[in-house]
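Trainee: Sequence:
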Amino acid sequence: MFGSSAQANSFRVEEASIADIHAAMKSGLTCRELMSSYIERIQAYDKKGPAVNSIITLNPQALALADSKDALFKKSGLSDPLHCIPVILKDNVDTKDLPTTAASMTLEGSIPPSDAVITSKLEAAGAIVIAKANLHEFAAWGETISSLGGQTRNPYDLSRTPGGSSGGTGAAIAANFGAVGIGTDTVNSIRSPASANSLVGLKPTMGLVSRSGIIPYSLTQDMAGPITRTVTDAAKVLNAIAGYDPDDPVTAWSVGRIPQSYTSFLQPNGLKGARIGVLQNLFGSEPEHAVVNEIINTAIAQMRQQGAIIVPVNIAGLDADQLVSDVSVHLYELKPHLQSYLQSLGSAAPVKTFDEIVASGKTHPSLKDILQKAQSLSTNDPEYKTRLLQRLELQQTIVKAMADYQLDAFVYPHQKQLVVPIGESQIGRNGVLGAITGFPAITVPAGFSPQSKSAPIGVPVGIEFLGRPWSEPILLRLAYSFEQATTHRRSPVSTPPFARTP
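Under the working numbering, the first residue of the sequence shown carries the number -7, and numbering increases by one thereafter.
Honestly, the hints are just simulated from the structure, not real lab data.
Below, in silico cross-link-like pairs of lysine-lysine (DSSO-like), each with a Cα-Cα straight-line distance of 27 Å or less:
| # | residue 1 | residue 2 |
| --- | --- | --- |
| 1 | Lys344 | Lys360 |
| 2 | Lys344 | Lys365 |
| 3 | Lys365 | Lys377 |
| 4 | Lys88 | Lys354 |
| 5 | Lys66 | Lys18 |
| 6 | Lys377 | Lys392 |
| 7 | Lys354 | Lys344 |
| 8 | Lys344 | Lys88 |
| 9 | Lys40 | Lys445 |
Take the sequences, apply the hints, and build the full model.
Mentor: What follows is the structure, given as C-alpha cells:
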C-alpha cells in the first residue's frame, strides 16, 4: 500500500511518463510508493473488474527491489536514466528470477539460466521488471490468446482483442499497469497492440537491439522494442536497450550507428519540411476499411498542417496480406529456431523439442494449424530460399522508392480495419512491411473510431511511419512532432484512476 508522504498522496501514476515519475521522486515520492500504486492497479483491474487479463506473472520481488532503489536514491539521487521505472516484459523475454513461458502450458514454470540481454540492459539502466505479460502463445499470431494466459482483452473495448502478439504488454501499458513495456515483433507484434491500445510502438532496425535470451519465432524477422504511452518514453527505452551484443551477430551492424541519445531528435516542429510518402497500396477499399481510412486521412492532413510535404506513392504489387502468405519466412524458421532455444535451457527445459510441443496437446487449440504447418516446413525447402530472395528484392524496392521520391518516411494505417472482436483473426495488418524488410517502423495514436456501447470512447487507430535502415532518429522526430501537434492518446475508461488508501 501507499506510504503517507504528501507526494504519494498527490501523485497519480495514470498516464505518468518517465519524466513525471522522476520529478515526483525529487519531490518526495518513494520507489516503494510508486511500485505499490501500479501493483494495486494490476490487482484491481487485471483479473477483477474489467478483467483485462494482461499479466501472467507479477514479480514478487518488486517491492523489495523498490526498497533497494530508495536506498540508492538516498545515496546517489537519480543516478540512472530509468531509475525505478516499472517495466512490463512480454513473457517471451528471459528473466532468470521469473518464469519465461511464451504463454504456453508447455513451458509453464520454466526459469531460464540467465536474463535476456535487454532485461539486463533495462535493469542496468535502473528499471524494475514489475510483471511479465501475456502474448499470443509462442508469439504465433495477433489476437493474444494462449494456453497459459487465456484471452487478453482490449481495455478500450472489452469485446475486442488487444492486437498481438504483444497484446498483453499493450493492454497493460494502456491500462497503466506499468510505466513502459517491451514487446517483440516478427510480423506486426509491437505495432499491432500499440495501434489497438492508443500507444507508441517502435520496431527498431534489424540489428539495433539484441535478441539474445528472447524465445525466437523467426530470427530473420524477430525484433524487440518499446511499447509506451509517449514517443519520448519510447526514445528513452531505446537508449537503454540498443547496442552491440556479441551473442547476436546481426547487432554488429549497429556499431557506429547509435546516437548518444535518441531523445535529442525530439523536435515539436519535426514535420516541417519533411517529405512523407503515403503508401496508397496499404489502404483498404472495402466498407469495413472506411473508419480507419477517414482517421488516417485526417492524420495526414494534420501532418500537412504542420508543414510536411505529402507525396502519394503507389508501389506496384505491394500487398500486406500477400507479404505474409508468400514472402514472410516465419513459419519456415519457427521449428529450428524455437528448438535451439529449448536446447539452451539444458536439462531444466520442460520440453526438449518442437515435436514434443506439438505432440503435448497442451497448446491453445488456435495454434494447431500453425504448429503443424511449421512442423512440415524446412529451411532446406527451395521455397524458403525463394522467400529470402524476395525479401532482398522488397528491401531494394522500398529504399529505391524513398530515393526516387526523396522521402524521409512512408506512412500508412497500421491495420486496414479496426482491431478485431475476440474470436476473429487479425487481417490487413500492414506492419509486415517493416518486419520483412527489417526496416524501422513506429506506430503512434491517430485517433479513435466512433463511440459505441462496447467502446465508450471508441476503438484506437494507429498510424505507422516506416523509414530507411538506422533512421530511428528521423522516425522519432516525425512521430514526436505528430504526437505533440495532435495529442490523440487517451486512457481507457474501463481502468479509471484507482482510489488509494493513504
